[in-house]
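S.K.: Please take these sequences and the hints and turn them into a complete structure.
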Amino acid sequence: MKKTIMLFVSVVILLFFSTSFSVEGTVAGIGGFAPKVKMENGLEPSTIEDYRGKFLLLTFWSSEDGHSRLKCKQYNSFFKHISKEEGEQNRIEFVAINFDKNKTLFNELVRYDNLNPNSQFYVNENEIKQISKAYNLNNGLKSYLIDPSGRIVSVNPKEEELTKIMSN
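Residues 99 to 266 in this note's numbering are what the sequence shown spells out, letter by letter.
I should point out that these hints are in silico values taken from the structure, not numbers from a laboratory. All of these numbers come straight from a predicted model, not from anything done at the bench. We treat Cβ as the ideally placed atom computed from N, Cα and C, and that holds for glycine. One should not assume that every hint holds.
For each label pair, taking beta carbons as the anchor points, the in silico distance ranges come out as [said to hold, decoys possible]:
(1) Leu168 to Ser230: 12 to 22 Å
(2) Thr202 to Gly129: 31 to 41 Å
(3) Thr261 to Gly130: 23 to 33 Å
(4) Thr202 to Gly130: 29 to 39 Å
M.R.: Below you can see the structure in the form of structure tokens.
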């Protein structure tokens, strides 16, 4: 009887630990589905699911992370250039999410860096924590290329990779 109870308790404990460590919505890396993100840019709230059916370059940036701010400016310039060449028929969309704690600073940086305000989004502090956990952004802010079905196909893609997608 004691062995049966011990076996039962062991199975219950094992099941408890196996489910407590699976965090739903975390990025599994390339091939995994991109976690949901809610964002706003002063017009109307949006989610990354609104971009399904196209490739999406999702980048996270902050004024405190100089590298991420520079990458955001580079991606913004790339998409401005592509828009002029391709017109409105782009196969890929660009969304940049800012992690600054001050919305006024965010708005000033968008203006100062000459970023496309339609592609720039701000999230509040609680959402920053959730997004950081879901996208594993502990070691710096990153960019994710998401395919039309919502799967991550690349992390920190280079312009050559984006150009290749645009030409297919």
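S.K.: Range first: 12 to 22 Å. Now tell me if the beta carbons of Leu168 and Ser230 are that far apart.
M.R.: holds (20 Å)
S.K.: Is it true that the C-beta distance of Thr202 to Gly129 lies inside 31 to 41 Å, as the hint says?
M.R.: holds (39 Å)
S.K.: Note whether the CB distance of Thr261 and Gly130 lies within 23 to 33 Å or breaks it.
M.R.: holds (24 Å)
S.K.: Using the C-beta atoms of Thr202 and Gly130, is the stated range 29 to 39 Å upheld?
M.R.: Given about 35 Å between the Cβ atoms, the range holds.
In terms of the numbered hints stated before, the structure departs from none.
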